[in-house]
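Novice: We have chain C; now place chain B onto it with these hints.
So the sequences go chain by chain: C and B. Under my numbering, the first residue of the first sequence is numbered 17, with each subsequent residue one higher. Under my numbering, the first residue of the second sequence is numbered 3, with each subsequent residue one higher.
Please keep in mind that the hints were generated in silico from the structure rather than gathered at the bench. Quick reminder that beta carbons are idealized off the backbone N, C-alpha and C, glycines included. Take the hints with a grain of salt, since some may be wrong.
Now the stretches of chain B that chain C is said to cover, found in silico as 3 or more residues with beta-carbon under 8 Å [claimed, not checked]:
hint, stretch
1, 64-71
2, 119-133
3, 139-152
4, 159-165
5, 185-195
In silico SDA-like pairs for lysine to any residue, Cα to Cα no more than 25 Å straight-line [claimed, not checked]:
hint, chain 1, residue 1, chain 2, residue 2
6, C, Lys273, B, Gly59
7, C, Lys67, C, Ile391
8, C, Lys205, C, Gly186
9, C, Lys357, B, Val56
10, C, Lys333, B, Pro99
Every beta carbon over 12 Å from chain C, so not counted as near; a handful from chain B, in silico [what the hints assert, rightly or not]:
hint, residue
11, Val40
12, Lys46
13, Val77
14, Arg171
15, Gly178
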Amino acid sequence: MTAVTERQQRAYIGAVAAEARVNVELQTEGMTLNIGPQHPATHGTLRIIVKLDGEQVVAAEPSPGYMHRGYEKLTEVRTYPQVTTLVNRIDWLGHFANEVPFILAAEQLMDVEAPPRAQWIRTIFFELARQANITLFLGDLGAQIGAITPVFYAFRDREHVLNLMESVTGGRFHPNFDRIGGLKDDLPKGWIEECKAVEKRISGFCDEIEELLFGNEIFEQRTRGIGVIPPDIALSYGLSGANLRASGVDWDLRRDKDYPLAWKDADFKVWTHPDGDAFARCWVRLQEVRESTRIVEQLCDGIPSGSIMAKVPRIIKVPAGEAWISTENPLGEMGYYVVSKGDLGPFRCKIRSASFNNVSVVPWVMRGVYLPDVIAILASLYFILGDIDR
Amino acid sequence: MSSGDDTPAEQEPAADATTTESAEAAAPAFDERRSPIVDRLRQKLGDAVVATEVLPGRDIWVRVKVDAWAETARVCREELGFTYFCFLSAIDWMPSPYGKSEDDVDPVRVDPSAPIQPGVTGGDTRFQLLARVEAPRTGIGITLKADVGDDLVAPTWTNTYAGADWHERETWEMFGITFAGHPNLIHIYLPTEFEGFPLRKDFPLLSRMVKPWPGLVDVEPMPGEDPEDAEATDEVPE
Chain C
17 MTAVTERQQR AYIGAVAAEA RVNVELQTEG MTLNIGPQHP ATHGTLRIIV KLDGEQVVAA
77 EPSPGYMHRG YEKLTEVRTY PQVTTLVNRI DWLGHFANEV PFILAAEQLM DVEAPPRAQW
137 IRTIFFELAR QANITLFLGD LGAQIGAITP VFYAFRDREH VLNLMESVTG GRFHPNFDRI
197 GGLKDDLPKG WIEECKAVEK RISGFCDEIE ELLFGNEIFE QRTRGIGVIP PDIALSYGLS
257 GANLRASGVD WDLRRDKDYP LAWKDADFKV WTHPDGDAFA RCWVRLQEVR ESTRIVEQLC
317 DGIPSGSIMA KVPRIIKVPA GEAWISTENP LGEMGYYVVS KGDLGPFRCK IRSASFNNVS
377 VVPWVMRGVY LPDVIAILAS LYFILGDIDR
Chain B
3 MSSGDDTPAE QEPAADATTT ESAEAAAPAF DERRSPIVDR LRQKLGDAVV ATEVLPGRDI
63 WVRVKVDAWA ETARVCREEL GFTYFCFLSA IDWMPSPYGK SEDDVDPVRV DPSAPIQPGV
123 TGGDTRFQLL ARVEAPRTGI GITLKADVGD DLVAPTWTNT YAGADWHERE TWEMFGITFA
183 GHPNLIHIYL PTEFEGFPLR KDFPLLSRMV KPWPGLVDVE PMPGEDPEDA EATDEVPE
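Bound-form chain C, shown alone (with noise of 0.2 Å):
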């Protein structure tokens, strides 16, 4: 493999070179080190097996699996509609964003579109979960470099994205809320107000993020030059989201593939960076939440009227066939192939989520780190752990 940056180079000959003195020279012994599973940077209960020499890090490999719910195996004998209520607790702080990819697979099975007004709503609420989800990673990220403060912030202002949410769906974290054909409910009276303060007070905290981390001394140190992972080792991992936009692959699902949802109708950028470090990782993702509040305050004006559901049979049978459908999740691309055989449920459902691809490449990347330096990364690749572990 190619090393990227000097001190990275340097980094790994270092941690190559103590591998050889640990076991022939000195006869000293490495240090195995357990990060996790019960870690406050591991969002969960994600093992990292760290071997150390010294503060460096020889080897990192990364053991998932504390949560592993068996939801590919569920699918088999859940119904079409049931699945939404298994696929919310996949990313649980992206929760609507789960159910959009399976419902449009299902929709795209059947023939179904889901009417303009259903599709808008959809946009907007899987935005309003990026939200949600982006929001608690920018505090919990200083919270993780050893900053207490963006916490407060975050959990302050993520609690009025949940209560948009909460006020039109009922669930704070599982809204359950998307349908085969359409939406459940139609949105209340006056939340559209409601829904363009909230994102004006998002974009504030946007600013106050950017001001209070990114132009961090501290914070810059902790994390430029940390983690480098160039562009096509970030797509021969999967990496996928920020983290590939991060290492300069200019490549975002919810522009560059055609849904029947209103991203298109939306005007917004998609930032790259070309460092590929941890400090571009989470740059990235800070644009990404303020490009989000620029999109749903455009589809907020513009709302189309009419139904809220197309029409579907009672029970749903989705005729016999294969579907792919994956969308531009807060955690990078979620899908899902789902195989139908004409039941009413899945035949075989594959979940593709976006932090096993994005976490799979820690053992790479950490190779040769400092140890304070694996916690930067980890905080930087961002991960769920359902997500991983589905």
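Specialist: Positioned in the frame of chain C, the structure of chain B alone reads:
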């Protein structure tokens, strides 16, 4: 797959050649961006391409022989520009002997030796590899499939796509398909001593065998619906 029960049985004795022909006849769909990719893949891989299907404006499916599985990945990544690795998994085409949904009161018992009914681009074996790679430059993705023989061995993709490492470990522990040449084929989700392959159709969902699906029969009576409660309330007015 909608052709009914008779056609697969007729096609079975014939070799791969007939499946290729029927696939070509069944896939006249043309997509000016996607069809050339299929043609180039056929050109590079020759006979290894068993069947293809193009859904215009949406997707490509290509089924290859399992021997050419690794070569397919190399051609896709290095010559056709599919640099982004999306996922790798498998499908067990055997119908589930435990019924299809939890609402099946009396699950249909199926004969595991009955001919399987595969999906898009067909298939001859029970287990089929399923993978997807994409080209970020063009936004086109391709779904690759390969039939896995009775030995359940397939070549690894880790030499081409580094991200296939974890996906192959998952496929190995969930379906029991071994990837020859994989550097570290160990359990990823399940405990080391776990027996069985959970995503195979003949692996029972044990929690539902111990206790019936509560959505089907509400085992706990709602307050006020309890027979004893009802009797008690009946007595009050008197």
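Novice: Hints first: check each against the structure and report whether it holds.
Specialist: Structure-based check of all given hints:
no.	hint	in the structure
1	64-71	violated (count 0)
2	119-133	holds (count 4)
3	139-152	holds (count 3)
4	159-165	holds (count 4)
5	185-195	holds (count 4)
6	C:Lys273 <-> B:Gly59	holds (10 Å)
7	C:Lys67 <-> C:Ile391	holds (15 Å)
8	C:Lys205 <-> C:Gly186	holds (15 Å)
9	C:Lys357 <-> B:Val56	holds (20 Å)
10	C:Lys333 <-> B:Pro99	holds (20 Å)
11	Val40	holds (16 Å)
12	Lys46	holds (20 Å)
13	Val77	holds (15 Å)
14	Arg171	violated (10 Å)
15	Gly178	holds (14 Å)
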